[in-house]
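Take the sequences, apply the hints, and build the full model.
These protein sequence lines map, in sequence, to chains X and G.
Using our numbering, you'd call the opening residue of the first sequence number 4 and step up by one each time.
Using our numbering, you'd call the opening residue of the second sequence number 4 and step up by one each time.
Among the hints, a few may not be true.
Identical copies look the same in the list; a pair holds intra-copy or inter-copy alike.
[Unchecked claim] Calculated pairs, SDA-like style, for lysine to any residue (alpha carbon to alpha carbon, straight line, at most 25 angstroms):
id	residue 1	residue 2
1	177	190
2	366	385
3	366	304
4	149	241
5	149	287
6	149	135
7	177	143
Source of the hints: derived by calculation from the structure; they are not laboratory data.
Remember, predicted model here, so these are calculated numbers, not experimental data.
Chain by chain, the residues run as shown.
There are 2 protein chains.
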Amino acid sequence: MTTTWLAVPQDSPFGPANLPYGVFTAPDQPGRRRIGVAIGEFVLDLGAAARAVGEPSVLLDADSLNPLLAAGRPVWTQVRAALTRWLGDESYRSALSPCLLERDGVELHLPFEVADYVDFYASEHHASNLGRIFRPGSEPLTPNWKHLPIGYHGRAGTVVVSGTPVVRPHGQRKAPADPLPSFGPSRRLDIEAEVGFVVGAGTELGRSVPLEAFREHVFGVVLVNDWSARDIQAWEYVPLGPFLGKSFATSLSPWVVPLDALEHARVAPPARDVEPLPYLDDREAEPWGLDLALEVRLNGHLISRPPFATMYWTAAQQLAHLTVNGASLRPGDLFASGTVSGPEVDSRGALIELTWNGENPVKLPDGTTRTFLEDGDEVTITATAPGPDGTRIGFGEVTGRVVP
Amino acid sequence: MTTTWLAVPQDSPFGPANLPYGVFTAPDQPGRRRIGVAIGEFVLDLGAAARAVGEPSVLLDADSLNPLLAAGRPVWTQVRAALTRWLGDESYRSALSPCLLERDGVELHLPFEVADYVDFYASEHHASNLGRIFRPGSEPLTPNWKHLPIGYHGRAGTVVVSGTPVVRPHGQRKAPADPLPSFGPSRRLDIEAEVGFVVGAGTELGRSVPLEAFREHVFGVVLVNDWSARDIQAWEYVPLGPFLGKSFATSLSPWVVPLDALEHARVAPPARDVEPLPYLDDREAEPWGLDLALEVRLNGHLISRPPFATMYWTAAQQLAHLTVNGASLRPGDLFASGTVSGPEVDSRGALIELTWNGENPVKLPDGTTRTFLEDGDEVTITATAPGPDGTRIGFGEVTGRVVP
Numbered sequence: 004m005t006t007t008w009l010a011v012p013q014d015s016p017f018g019p020a021n022l023p024y025g026v027f028t029a030p031d032q033p034g035r036r037r038i039g040v041a042i043g044e045f046v047l048d049l050g051a052a053a054r055a056v057g058e059p060s061v062l063l064d065a066d067s068l069n070p071l072l073a074a075g076r077p078v079w080t081q082v083r084a085a086l087t088r089w090l091g092d093e094s095y096r097s098a099l100s101p102c103l104l105e106r107d108g109v110e111l112h113l114p115f116e117v118a119d120y121v122d123f124y125a126s127e128h129h130a131s132n133l134g135r136i137f138r139p140g141s142e143p144l145t146p147n148w149k150h151l152p153i154g155y156h157g158r159a160g161t162v163v164v165s166g167t168p169v170v171r172p173h174g175q176r177k178a179p180a181d182p183l184p185s186f187g188p189s190r191r192l193d194i195e196a197e198v199g200f201v202v203g204a205g206t207e208l209g210r211s212v213p214l215e216a217f218r219e220h221v222f223g224v225v226l227v228n229d230w231s232a233r234d235i236q237a238w239e240y241v242p243l244g245p246f247l248g249k250s251f252a253t254s255l256s257p258w259v260v261p262l263d264a265l266e267h268a269r270v271a272p273p274a275r276d277v278e279p280l281p282y283l284d285d286r287e288a289e290p291w292g293l294d295l296a297l298e299v300r301l302n303g304h305l306i307s308r309p310p311f312a313t314m315y316w317t318a319a320q321q322l323a324h325l326t327v328n329g330a331s332l333r334p335g336d337l338f339a340s341g342t343v344s345g346p347e348v349d350s351r352g353a354l355i356e357l358t359w360n361g362e363n364p365v366k367l368p369d370g371t372t373r374t375f376l377e378d379g380d381e382v383t384i385t386a387t388a389p390g391p392d393g394t395r396i397g398f399g400e401v402t403g404r405v406v407p
Numbered sequence: 004m005t006t007t008w009l010a011v012p013q014d015s016p017f018g019p020a021n022l023p024y025g026v027f028t029a030p031d032q033p034g035r036r037r038i039g040v041a042i043g044e045f046v047l048d049l050g051a052a053a054r055a056v057g058e059p060s061v062l063l064d065a066d067s068l069n070p071l072l073a074a075g076r077p078v079w080t081q082v083r084a085a086l087t088r089w090l091g092d093e094s095y096r097s098a099l100s101p102c103l104l105e106r107d108g109v110e111l112h113l114p115f116e117v118a119d120y121v122d123f124y125a126s127e128h129h130a131s132n133l134g135r136i137f138r139p140g141s142e143p144l145t146p147n148w149k150h151l152p153i154g155y156h157g158r159a160g161t162v163v164v165s166g167t168p169v170v171r172p173h174g175q176r177k178a179p180a181d182p183l184p185s186f187g188p189s190r191r192l193d194i195e196a197e198v199g200f201v202v203g204a205g206t207e208l209g210r211s212v213p214l215e216a217f218r219e220h221v222f223g224v225v226l227v228n229d230w231s232a233r234d235i236q237a238w239e240y241v242p243l244g245p246f247l248g249k250s251f252a253t254s255l256s257p258w259v260v261p262l263d264a265l266e267h268a269r270v271a272p273p274a275r276d277v278e279p280l281p282y283l284d285d286r287e288a289e290p291w292g293l294d295l296a297l298e299v300r301l302n303g304h305l306i307s308r309p310p311f312a313t314m315y316w317t318a319a320q321q322l323a324h325l326t327v328n329g330a331s332l333r334p335g336d337l338f339a340s341g342t343v344s345g346p347e348v349d350s351r352g353a354l355i356e357l358t359w360n361g362e363n364p365v366k367l368p369d370g371t372t373r374t375f376l377e378d379g380d381e382v383t384i385t386a387t388a389p390g391p392d393g394t395r396i397g398f399g400e401v402t403g404r405v406v407p
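In structure tokens, the structure reads:
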């Protein structure tokens, strides 16, 4: 059992088996970003901790996770073992206690500089729901959907940390019945509850990453809200895909949960009904389905519980696909799962599905209803996963409020 | 008239009115990247030059253009004025002569770190040709095409400098008649001759860049070959757009031609037959059509002369559109025009159009023909634009050879 000399409740989402990494500033030094790990109600300042125990590290004494990401799996394992030792062994208490800050008192920042951002579309329920909504009477899934994990590149420069206000985007909208497009604020602003994977070790151009090398390249996992302006997206996306309907903001949770903390969350992916090509065939490989339980709240009210374990394509398959053409990876590349939607109505990860394109508004406890987001609305996505000994691994939250 | 004490032929593409910026290494210091400008047959080492004339500059003594890009228009104007003075005034000759290297002897690198890469689709001829090829019998242009400059995000991490070999990508291909997709090297590897715009000064999230602010944000112009695997692209692109069919490589010319060098190339864009929404309405604005004459060579043989002046959407409109939803810009953002195709058969900027989807192969002088690229093929795109006093502003070239 993973233990610590710190007082951490057994049910803490940030217990000693988690140790997610983030970047914070303390109130007394607002300009100085530092790497920390969350433990219970505290943040351990990693640069200071490494110095305090006599093991100084340039990777930990940094203002973003990128140097640590670039260092690769053997270093990640070493660092995690050191953290477990420091926090587990009573003899470190006096040296490390000055390096602990109250988590409530620090400001959290984007934990890494995003290199390229790719968004997938890996939930069969989500893709089928959108197919039924947008192309009624046709096959819900496009012919390629079960042969490859569909994805596209998003805008890395507008990935923001949880808590950043989301300005309602302006753009061109045209409903089918409108004779011409009009310009103005989006009237159909939506969320997409997703899970993001953070690439650490890069690759050279021309190399691909097979399924079994997933663990060598992926450092950890975050929550993603891929805000979407459905009206802008609907008018612009044929034939080259989403652009301004997505590029105004994508929010990330501030704590990167190490892949190593998710060993107890690994599950077999759902059965596939189409035989995958060899580079995507994970039937004999170690399973990379992940049993993450997401929750989506609108103004504090629980509106959905998307189950990540239902995703058709795993992150290992997504990474194998992303690189099979020889595209290189860089430390800080982020790829997200696409909206996580389960089979039940209340497990859908986007308002367009929850309200069936606005036909069935969501009812809130204050008596109001929502089809899409209104100014002032706040959306919060949280998740937990099974940890060792009945504990839960928490992801914290990604939250954002819509402003006009 | 712009003059220089250097011996530069009047017809040089790199005359004193051009002064494009690049990043080079000299043979005696292969690990040390430096900023230079091309002038005649030479490269002026800008960091060394600034020190030699007693005006040292951290922006010029750098290993990429990004710090200069971030500095903004007033600084770009100052630097260009200084370069014109140094190279124009005989009194600088003795100080600067040691800072000149033969252009043939240096290695050129990617001139800036690409932040986000966006690719547009702004040629009416190109978009119409693809519509006719892929959707015969339907309207060639999608209904949105004349209302907004269609674009999408590409992969910034696989943007490479001219001369980098292009590895033929593997991926899933499925012709309409095939029952299932197969996996293997692309059989329909193509080029796209494009013009790229390099963003210097960034913006904050939530701000848009109106047409008239184009010059404040765009530093200069490069040539782009947006290599495309048509078979991979055709199978993957519905509904979220191109992904692996493009992300394996995008090549850039190494010299960034300053926007200031293109004043004589500015022309009115073509007449538009749909009234643009106000944020795209350039009818009363300064014109940002650009009369660049592109040439595409396959194994040294001229196969096309795409005319950039025929583009329906200008770069100023593209930037206004890209940011109208509040998406922020960063120094090093790159946005490309999309394939430049003119109205004539021999002015099309992609093989899929030149050969009409392979029906009319291109004949080469060695007696062979091409529908798409074969291993060993080398494609070179060059361009020039009108300069002052009958001179031409050259862009150099973007070249790449296909390897298996």
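Looking at the structure, which of the earlier hints fail to hold?
none
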